[in-house]
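Colleague: What follows is the residue order along each chain.
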Amino acid sequence: MGLSAAAPLWGPPGLLLAIALHPALSVPPRRDYCVLGAGPAGLQMAYFLQRAGRDYAVFERAPRPGSFFTRYPRHRKLISINKRYTGKANAEFNLRHDWNSLLSHDPRLLFRHYSRAYFPDARDMVRYLGDFADTLGLRVQYNTTIAHVTLDKDRQAWNGHYFILTDQKGQVHQCSVLLVATGLSVPNQVDFPGSEYAEGYESVSVDPEDFVGQNVLILGRGNSAFETAENILGVTNFIHMLSRSRVRLSWATHYVGDLRSLRLNSGNAFGKKYPLIRASYESKGSRGLFILGTASHSVDYRKSAGGFIHGFRYTVRAVHRLLEHRHHSVTWPATKLPITQLTSSIVRRVNEASGLYQMFGVLADVILLKENSTAFEYLEEFPIQMLAQLETLTGRKAKHGLFVINMEYGRNFSGPDKDVFFDDRSVGHTEDAWQSNFLHPVIYYYRYLPTEQEVRFRPAHWPLPRPTAIHHIVEDFLTDWTAPIGHILPLRRFLENCLDTDLRSFYAESCFLFTLTCQKLPPFCQQGYLRMQGLVSTESLRQHRVESRLLRDYAPTGRRLEDSSQQLGDQEPLGSPLAPGPLAQSVDSNKEEL
Amino acid sequence: MFSGFNVFRVGISFVIMCIFYMPTVNSLPELSPQKYFSTLQPGKASLAYFCQADSPRTSVFLEELNEAVRPLQDYGISVAKVNCVKEEISRYCGKEKDLMKAYLFKGNILLREFPTDTLFDVNAIVAHVLFALLFNEVKYITNLEDLQNIENALKGKANIIFSYVRAIGIPEHRAVMEAAFVYGTTYQFVLTTEIALLESIGSEDVEYAHLYFFHCKLVLDLTQQCRRTLMEQPLTTLNIHLFIKTMKASLLTEVAEDPQQVSTVHLQLGLPLVFIVSQQATYEADRRTAEWVAWRLLGKAGVLLLLSAGITGGVPVEFLVLHDVDLIISHVENNMHIEEIQEDEDNDMEGPDIDVQDDEVAETVFRDRKRKLPLELTVELTEETFNATVMASDSIVLFYAGWQAVSMAFLQSYIDVAVKLKGTSTMLLTRINCADWSDVCTKQNVTEFPIVKMYKKGENPVSYAGMLGTEDLLKFIQLNRISYPVNIISIQEAEEYLSGELYKDLISYSSVSVLGLFSPTMKTAKEDFSEAGNYLKGYVITGIYSEEDVLLLSTKYAASLPALLLARHTEGKIESVPLASTHAQDIVQIITDALLEMFPEITVENLPSYFRLQKPLLILFSDGTVNPQYKKAILTLVKQKYLDSFTPCWLNLKNTPVGRGILRAYFDPLPPLPLLVLVNLHSGGQVFAFPSDQAIIEENLVLWLKKLEAGLENHITILPAQEWKPPLPAYDFLSMIDAATSHRGTRKVPKCMKETDVQENDKEQHEDKSAVRKEPIETLRIKHWNRSNWFKEAEKSFRLN
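Keeping their order, the protein sequence lines are chains A and B. So that you can map any letter, position 573 of the first sequence is 580 in the numbering used here, and since no number is skipped, the others follow by simple counting. So that you can map any letter, position 35 of the second sequence is 44 in the numbering used here, and since no number is skipped, the others follow by simple counting.
Source of the hints: derived by calculation from the structure; they are not laboratory data. Any given hint could turn out to be false.
To be verified - Here are the simulated SDA-like pairs of lysine to any residue, each with C-alpha atoms no more than 20 Å apart in a straight line:
hint: 1; chain 1: A; residue 1: K95; chain 2: B; residue 2: D448
hint: 2; chain 1: B; residue 1: K734; chain 2: A; residue 2: E546
hint: 3; chain 1: B; residue 1: K734; chain 2: A; residue 2: Q550
hint: 4; chain 1: A; residue 1: K527; chain 2: B; residue 2: R621
hint: 5; chain 1: B; residue 1: K429; chain 2: A; residue 2: K527
hint: 6; chain 1: A; residue 1: K527; chain 2: B; residue 2: S692
hint: 7; chain 1: B; residue 1: K663; chain 2: A; residue 2: R294
hint: 8; chain 1: B; residue 1: K462; chain 2: A; residue 2: R538
As the list claims (entries may be wrong) - A few chain A positions that, by computed beta-carbon distances, are all more than 12 Å from chain B:
hint: 9; residue: R58
hint: 10; residue: K95
hint: 11; residue: F100
hint: 12; residue: R130
hint: 13; residue: L143
hint: 14; residue: R324
hint: 15; residue: E331
hint: 16; residue: R333
hint: 17; residue: R355
hint: 18; residue: E359
hint: 19; residue: T399
hint: 20; residue: R403
hint: 21; residue: C532
hint: 22; residue: S555
Values in this document were obtained by computation on a predicted structure and should not be read as measured data. Where is the CB? At the ideal position from N, CA and C, for every residue including glycine.
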């Protein structure tokens, strides 16, 4: 990975490219997409380009993929978890606990087949990345160091210019789109009296013997600092650790870049460390230049996982989808479903989606409603900061309102020095769901697509502009949001009230009654029963329907329809005063669920 | 006579519940016999359970007894467990472990002994103990004669509360005994468990407990019977108490002031007040009417006679003018219905009812979750086994999600299909839970649930598009045992096919067999027909015949090629339909239209196919099979083209009981069946009824239809045209967040306080909410309160009033 390639690219004041305009003398080989770096992000992009049948090439300085991991971390233990057993079969869900695999259609290319360790060895990562590139036949040009990148203006070009790449042998490559996935290993330069005696993490000895009986001062209190300290702890006199900020533990901040157990943190060097990019991962300076992988972390720095494999594998996919629409008129993939499937489609995603979970606050699902809210389109993992530009970026229309499904921590919860185990930190009642602290789904409803202004000047600490209505699904420590009363029912009520319709499901018998006694039908009957796909109740369910008093006592006169809650009382109370009413049921159903 | 009345409704007030005390927490004391007898106080009742010292420390009985400690203590009865030890021999200590009994003492006199099995739960314990103590206050009787004797004895003296409970010791019995404890000195309580006695005084619904109030005190003439008022609510302590309260209130009150100012016990109990407005000139007659109304509404509403002077000044009062006194009764009773519901809610709701499931599918699936389904009859697929399984054999796959109610409801029907097909089908029934194997489902293009697909070797998978129920899915699977359209190769085979002989075992699933007739040269027509047949596979049997001798068939059935022959097996008829267009889609349409009957029995399953025709439905509601004469009359009209603009059908209430619900929506009151109704479902929603006093014969029908057409008939009702709105509101989290934020903003607390502040805010938030709910804090607490306690307290509070 391009340490040397990266260095000339990033000028200190955030200037991205040394732009040199010179007329091309000969016509060099032209590619639609050039990817710099065959690390995890580069390979992930290559995978999507390959699957879409695009013209691309990856340039890698080293002879094999993942060269960063051949050197770092210095002490060879990765800090990304490799949880091989989650108790669930759902492959999508399992990616929530697999922080090392890249996305592909091939289940053999999952990292759990490469290491048994919870914190795996860096060598396994090198082996994994090599296999990923080889098995999928990704087009990587190894031993190719891009020494120069220049811009060549051309009106014919997709972005108004070509990127001219010159490698170490003087070979020139012309690219329509340049995807930079070179990682980020520019060491922090410290400047203070005596700094010339400091040894950088990139070159410090990993042999504890070299520190025997010494007093060691470690600058920084991030993952690298602790990794180094742990390694030499047994042999030194004293280790002092010094940093500008207090120690931040990731389980307190929910930021994986913070220390996870007393085991990355780069102070406030943010401005120097990361390039200036938009929320679509495109450079603010040059159209057609995208930053992928670790270097793209500025988008969600200190908020989400975009700087790590388990985060950027999703952002890379989002960038690919944006490119597919921009250059190949492929609209953002979406599933079109009838409105009766609305609640279910949300329940399904919040329970299994890994991208939403890993890139909470950055990538969110978007539901675009069709006219009269009879159907909707479901778009997965859209970069939410680009919400205002959704129509142009995806090729989909958002004229009739939309929902955004985002995962969020409670606002009271995370932060350095907060006691994450404070009393009453968990919320159990659906009516208190908005105070949930643990990562939980939040659904925003907008009547109209928010404008850029609204997104930019949104309320402080809000990931999105103020919605028309908002719903929090109450937190669940097992991230299982399938409880009928605790999770699904309040969600349905929220969706019903946003759309001003009745989203309940009904048996065919009820639909039959409605068809002959009302002029209008609820969506479930209209989209199911009337299309001859009604749900027929079995005898035992019918029995429960009578007991639950939900069997409408065949009397939906006009008055009753106005207030369908009355159906609960349609039957006279039975002789026994202990006859369980709706109450008994709701109380024990909650118990059962919890 | 001018009689108007006004019903005031007020929110249910729980005044009676406002005062209560917290009892000291009690558990069952354990004593030795000697110690126990030393604690007995003269005049005080005590229940003791004697048991061997080495007996198990816990048992169901002890748990129940422990629970009974507090309620009994409220009646001044102490409870103890006495451990029999060797040193102290007591005659109450049984010889064997299992012969232990409970004893009721008053002072140190033994009143009764109870085998533990009579005291089967806390209700039984309280009921039995009070029953024993209130021996004089509650007379137990077994026949009508006893009842009459008591009645006669008390005429002019006291009122009687007579109750029937199914058995001694059940909750209703306890409720009656608790009421007797409070009111036993005021009223004579009479109790029976004899159903015959209840029947002999003319009660209906004898399977439930009953409680009557006999108004004997007013009776002066001994030959006269005491008036009786039946309590209509279920027998609970609270209901009995409320009932007695209303019985105690004066029957009719005369008022002259502003009705808004009037308050009676009825208002306090949440019952409506009926004001009957009277004028001086009609006072006597109005009073008689009012009394009559008051008797009818006793226990349901308070009745007041308002002298018209009372409403001249002050606030204008809205009133209803009713011309029939019965309407007053029905008005109150209909509104009572709502009251009851509200009362229920106020009594029982732990939180707002938006947390109560109102989706019938979700609720029933939840209630049924513990029943074990024979899932083993279907093969559960996984990512690993999916492809291999559907490649190896013809399979049906149900894609479902374990957390989705509709999926789980349909899974039951699916399993029923498996049960019915057990061992007979070549089709493998499988299922895959997409909550686990999401990727497999996505790869199979399944994005919604539930979905059924059929995988057959060498064919593209087919999605099932029929009703999600056992019968239709079974039909789909059975019909798919062969491929469609069936290629018929000889005239003889064609005849067998049309007669139903060829696929004898299949025609029960498809009442119509379709045969396409083509000359061998009609290539595209044949292809289109094959496409249509393939499209309809699983729903109808289709065959194709295009041999050289096809003309023989076309001549026989008078069909010019290309044509369809439709064999209706139930009627034994064969029709021919010319194929003008040979587009596959049109053929599908022709066949589906041909499946419709002229005068079908409409059912839950087939209504959609008739509804699709967009014509008004002419429905004959019949309790059982339709009368052949009516059928004949209507079919004649069909043939004479009188009914072309309608869809005539009939509904068998025996097969489709939900039809009663439909009739109830159309008629009030319901005339006798059969009923012929025209429902304009697609435009306007008017419902017209054929006069039920006319015979359903052709002439009358034709006349009625002509009047309808001329607009001379009045509709009996118009179906409501409301949109389906959200049944209940949702939590407004946005406002809650705003409230919390603005709160915090105005407080301006130092930053470091934020954390605690937030929590404080949360508490305030809760309090705010409960205030908004307007639920007095007492009503919330009462739920954790044993009902017997407030009883006496309520009595006190009333005395204070």
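Colleague: Hint by hint, note whether the structure agrees.
Modeller: Hints, one by one, checked against the model:
no. : hint              : in the structure
1   : A:K95 <-> B:D448  : holds (13 Å)
2   : B:K734 <-> A:E546 : violated (29 Å)
3   : B:K734 <-> A:Q550 : violated (27 Å)
4   : A:K527 <-> B:R621 : holds (15 Å)
5   : B:K429 <-> A:K527 : violated (37 Å)
6   : A:K527 <-> B:S692 : holds (11 Å)
7   : B:K663 <-> A:R294 : violated (73 Å)
8   : B:K462 <-> A:R538 : holds (18 Å)
9   : R58               : holds (14 Å)
10  : K95               : violated (7 Å)
11  : F100              : violated (8 Å)
12  : R130              : holds (29 Å)
13  : L143              : holds (17 Å)
14  : R324              : holds (15 Å)
15  : E331              : holds (19 Å)
16  : R333              : holds (25 Å)
17  : R355              : violated (7 Å)
18  : E359              : violated (6 Å)
19  : T399              : holds (26 Å)
20  : R403              : holds (16 Å)
21  : C532              : violated (9 Å)
22  : S555              : violated (5 Å)
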